[in-house]
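Chain by chain, the residues:
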Amino acid sequence: MRATALMIQRMTLDVLFPASADEAATLYGDGEGITVFAGGTIILPEIAAGRLVPERALMLHKSGLDEIRTDGDRVLIGAMVTVAALAEGDDPFLAGAASQVADGEIRRNATVGGNICSPPGDDAQRGDLGGALIALGARVRSTGAGGERTEPVEDFLAGDRAGRLVLELEYDGFERRTGAHSLRRRHAHSYAIAGAVACSRADGSDLRVAVTGVGPTAVRCRSVEQSRDPADVLKDVQPVDDAVATAAYRTAVLPTVVREALDHLEHA
Amino acid sequence: MNLIVNGSEVEIVSPPLTPLLHVLRDELDITGPKAGCQQGGCGTCTVLIDGEPRRSCLTAVAAVDGASITTIEGVGQAEELSAVQAAFYKHYAAQCGFCTPGMVLAATALIERKGGPVERDEVLEALGGHYCRCTGYVKIIDAVMAASRGEVDSVDDLPVPEPGQPEVLPKGSPA
Ligand SMILES: Cc1cc2nc3c(=O)[nH]c(=O)nc-3n(C[C@H](O)[C@H](O)[C@H](O)COP(=O)(O)OP(=O)(O)OC[C@H]3O[C@@H](n4cnc5c(N)ncnc54)[C@H](O)[C@@H]3O)c2cc1C
Ligand code: FES
Ligand code: FES
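Sequence lines, in order, name chains H and E.
Just so we're aligned: the first sequence equals residues 520 to 787 in the working numbering.
Just so we're aligned: the second sequence equals residues 15 to 189 in the working numbering.
I should point out that these hints are in silico values taken from the structure, not numbers from a laboratory.
Backbone N, C-alpha and C fix where the C-beta goes; we use that ideal spot for every residue, glycine too.
Heads up, a few of these hints could be off.
Simulated restraints on C-beta separations [said to hold, decoys possible]: (1) H/Ala771 x E/Gly129: 43 to 53 angstroms; (2) E/Lys128 x H/Gly591: 34 to 44 angstroms; (3) H/Ser539 x E/Asp135: 37 to 47 angstroms; (4) H/Leu595 x E/Gly80: 26 to 36 angstroms; (5) H/His786 x E/Glu94: 52 to 62 angstroms; (6) E/Val152 x H/Ser539: 47 to 57 angstroms; (7) E/Lys128 x H/Asp641: 34 to 44 angstroms; (8) E/Cys110 x H/Glu586: 38 to 48 angstroms.
Non-contacting residues of chain H with respect to chain E, defined by C-beta distances greater than 10 angstroms in every case (computed) [said to hold, decoys possible]: (9) Pro537; (10) Arg588; (11) Asp592; (12) Val594; (13) Gly666; (14) Glu667; (15) Pro671; (16) Asp674; (17) Ala677; (18) Glu689; (19) Asp725; (20) Asp751; (21) Val772; (22) Glu785; (23) Ala787.
Here's a subset of chain H near chain E, in silico, CB distances under 7 angstroms, partners left out [to be verified]: (24) Val534; (25) Gly559; (26) Thr560; (27) Leu563; (28) Pro564; (29) Ile566; (30) Ala567; (31) His580; (32) Asp622; (33) Glu624; (34) Ile625; (35) Arg627; (36) Asn628.
Assemble the whole structure, with the sequences as input and the hints as a guide.
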C-alpha cells in the first residue's frame, strides 16, 4: 500500500454505512462533525488530495435512497438516485436537464442529492439540476437540527444548506409545457455558461422560470414569471464571474437564453 | 471488502474512502488505469464497473464493494488484442498511450451496448469526457467506428514483421 491509501487511512477516523433512510437520519443528527458522502464526484478528489479531512463520513449508498417512486400524483426521487438514472428516466424534461450534466461516466456516480447540495466550485458554478427542479415546483425533504422539514427547492438553495441531510425530492406529476435553453461549449467538462428552464400547466398558466450556471445556486425568477419579459431576469439574479465566463458576458446573454426557453415553452 | 478484478476475486484492505484508482494501482499493482487529473476531468482512469464505464478516481472503493471491475489488463493481451485495441493499432489511435486505457474501455462498453456499428455522434458522446493530448481525436473516432463495424478482428489482420526485419508499417501509415 502506498502513500495515498495510507494518508486516507490516517485521516478519516470513521466511515458510517447506514442501511436505511431512518438510520442515516439518526446517525446524521444535527450534522455536527459529519460529512455526507454521496456519489463522490466532488468530494472524493477533495478527500484524496487531503484538502478535506472528514472527521466522520456518512456514506449513503446502502441507505435505500436510490429509488424513483410515485405516490398518487406525486413523483418522489431519492437523494441517491444517480444523474444517469434521471437522464434515462420517464420524465423527458428532467431527463433533458440530467443529460447535460458532465458526461455519462460521471453521471453514473453523480447523485441528485449531491447536485443540489454541492457548493459552487472555484472555477465554475455547479448544481445544474436545481433549475429544472425549481421549474417543476419540486420540494426537498431534509433532516438536521430541528428535525425533518420539506420546503421548495428554491428556498432550500437560498438557505443555509450546511447542516441539512437531503433525503428526497418530490414534485407533482401533471401535464406540463416545458422549455429549456442553455449556453455551453460542446464539451463534457464545460459547465453551462448560463441556462434557463421554464414550466407551466398545459394551458400556459402557473409559469415557473429558473436560471442556472450564472451564480452560486440555481435561482427562481419571479419577475420573469410575472411579466413574461426575459429582460426582467436581471431583476432576479446577478450573474457572477468565474473561469467559464465573465459576469458582463452572462449579463449580456442571459435575457436571450431566457427568451429561448420561454419560446420553447410557448411552442411546446 | 472484496472486488472481482478482471475475473479474479481479491480482498481489499485499503480504507473505505480510497479512490478505486488507488486501490487498483497501489494496493493491487494494476497500473493500466492511469492517474491523470484525479478529479474526473480527463477519463484516463476509466474502468468498467459491472460492465459500465465509470471514473475510478471519483469512485470510493466502499461504494463498489463486491463489484466486478474490468481494467485494460482484462481486455486483451499483447499477443491477442481485442477488436477495439487492434483497431486503435491499425488506425494510429494511440501515440503516447496515456489516454488509451480509458478510451479503449469506454469504446468497448459503447460497442457492447450498441451491439453493432456506432455512429460518429455516439462516439463523441461516449468519449466526450476523455482527453487526448496527442492524436487530435480523429484517428480514435475512426478506430472506434471501424471496430464497431467489425473491420479489424484481430491483430492477425495486421502485417507481422519477419524476425530481424524492420517493422512493416500498415497501409495508410502517415510515417
Ligand atoms: C468533470 C466534471 C464535470 C461536471 N459537470 C457538471 C455539470 O455539468 N453540471 C453540474 O451540475 N455538475 C457537474 N459536476 C459536479 C457533480 O458531478 C454533480 O454536481 C453531482 O451531481 C454531485 O453529486 P455527488 O453525488 O457526486 O456529490 P458528492 O461529491 O458525493 O457530494 C457533493 C457535496 O454535497 C454533499 N451532499 C451529497 N449528498 C448529500 C445529501 N443527500 N444531503 C446533504 N449533503 C449532501 C456532500 O457532503 C458534498 O459537500 C461535474 C463534476 C465533474 C468532476
Ligand atoms: S484521473 Fe480520473 S478522470 Fe482524470
Ligand atoms: S495518445 Fe497521448 S494522450 Fe492520447
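To see whether the hints hold, each was checked on the structure:
Look at H/Ala771 against E/Gly129: about 46 angstroms separates their beta carbons, and that is inside 43 to 53 angstroms. Checked against the hint of 34 to 44 angstroms, the C-beta distance between E/Lys128 and H/Gly591 comes to roughly 38 angstroms, which is consistent with it. Remark: the range hint 37 to 47 angstroms for H/Ser539 to E/Asp135 is upheld by a beta-carbon distance near 42 angstroms. Between H/Leu595 and E/Gly80 the beta carbons are some 27 angstroms apart, a value that agrees with the proposed interval 26 to 36 angstroms.
Checked against the given bound of 52 to 62 angstroms, the beta carbons of H/His786 and E/Glu94, roughly 55 angstroms apart, stay inside it. A C-beta distance of roughly 51 angstroms is found between E/Val152 and H/Ser539, which places it inside the suggested range of 47 to 57 angstroms. For the pair E/Lys128 and H/Asp641, the supplied restraint of 34 to 44 angstroms holds, since their beta-carbon distance comes to about 37 angstroms. In this structure the hint that E/Cys110 and H/Glu586 lie 38 to 48 angstroms apart at CB holds, the actual value being about 44 angstroms.
No Cβ of chain E comes within 10 angstroms of the Cβ of H/Pro537; the nearest lies about 13 angstroms off, and the non-interface call holds. Chain E leaves H/Arg588 outside its interface by the beta-carbon criterion, the shortest separation being 22 angstroms against a cut-off of 10 angstroms. The non-interface label for H/Asp592 is consistent with chain E: the shortest C-beta to C-beta separation is roughly 33 angstroms, beyond 10 angstroms. Remark: the non-interface label on H/Val594 is consistent with the geometry, its nearest Cβ contact in chain E lying 25 angstroms away (cut-off 10 angstroms).
The beta carbon of H/Gly666 is kept farther than 10 angstroms from every beta carbon of chain E, the shortest such distance being approximately 28 angstroms. Interface exclusion of H/Glu667 from chain E stands, the closest Cβ pair being 25 angstroms apart, more than 10 angstroms. With 10 angstroms as the threshold on Cβ separation, the claim that H/Pro671 sits away from chain E holds: the shortest Cβ distance comes to roughly 30 angstroms. Annotated as non-interface, H/Asp674 keeps its C-beta farther than 10 angstroms from every C-beta of chain E; the closest such distance is 30 angstroms.
No Cβ of chain E comes within 10 angstroms of the Cβ of H/Ala677; the nearest lies about 28 angstroms off, and the non-interface call holds. A cut-off of 10 angstroms between C-beta atoms confirms that H/Glu689 is not in contact with chain E; the least separation is 25 angstroms. Every CB of chain E is more than 10 angstroms from the CB of H/Asp725 (nearest about 34 angstroms), matching its label as outside the interface. With a closest Cβ-Cβ approach of about 35 angstroms to chain E, H/Asp751 is found to remain outside the 10 angstroms limit, as its non-interface label requires.
Non-interface status of H/Val772 relative to chain E is upheld: no Cβ of that chain comes within 10 angstroms, the nearest being about 23 angstroms off. Listed as a non-interface residue, H/Glu785 keeps its Cβ farther than 10 angstroms from every Cβ of chain E; the least gap is roughly 28 angstroms. Non-interface status of H/Ala787 relative to chain E is upheld: no Cβ of that chain comes within 10 angstroms, the nearest being about 25 angstroms off. A hinted interface residue such as H/Val534 counts as satisfied when its beta carbon comes closer than 7 angstroms to some beta carbon of chain E; here the least separation is about 5 angstroms, so the hint holds.
Evaluation of the H/Gly559 hint against chain E yields a held restraint, the C-beta minimum of about 5 angstroms falling below 7 angstroms. With 7 angstroms as the threshold, the beta carbon of H/Thr560 comes within range of chain E, its nearest partner Cβ sitting at about 5 angstroms, so the hint holds. For H/Leu563, the interface hint holds, the least distance from its beta-carbon to any beta-carbon of chain E being 5 angstroms, beneath 7 angstroms. At its closest, the beta carbon of H/Pro564 sits 4 angstroms from a beta carbon of chain E; the interface hint therefore holds under the 7 angstroms criterion.
Residue-level restraint check for H/Ile566 holds (minimum Cβ-Cβ distance to chain E is 6 angstroms; threshold 7 angstroms). Because the closest C-beta pair between H/Ala567 and chain E is about 5 angstroms apart, less than 7 angstroms, the hint holds. The restraint placing H/His580 at the interface with chain E holds, with a minimum CB-CB distance near 5 angstroms, inside the 7 angstroms limit. Against a cut-off of 7 angstroms between C-beta atoms, the interface hint on H/Asp622 holds, since the closest Cβ of chain E lies about 3 angstroms away.
Because the beta carbon of H/Glu624 sits about 5 angstroms from the nearest beta carbon in chain E, less than 7 angstroms, this interface hint is met. Interface restraint check: H/Ile625 against chain E, minimum CB-CB distance 6 angstroms, threshold 7 angstroms, status holds. Taking 7 angstroms as the C-beta contact cut-off toward chain E, the hint placing H/Arg627 at the interface holds, the least distance being around 5 angstroms. Among the interface hints, the one on H/Asn628 holds; its C-beta lies about 5 angstroms from the nearest C-beta in chain E, closer than the 7 angstroms criterion.
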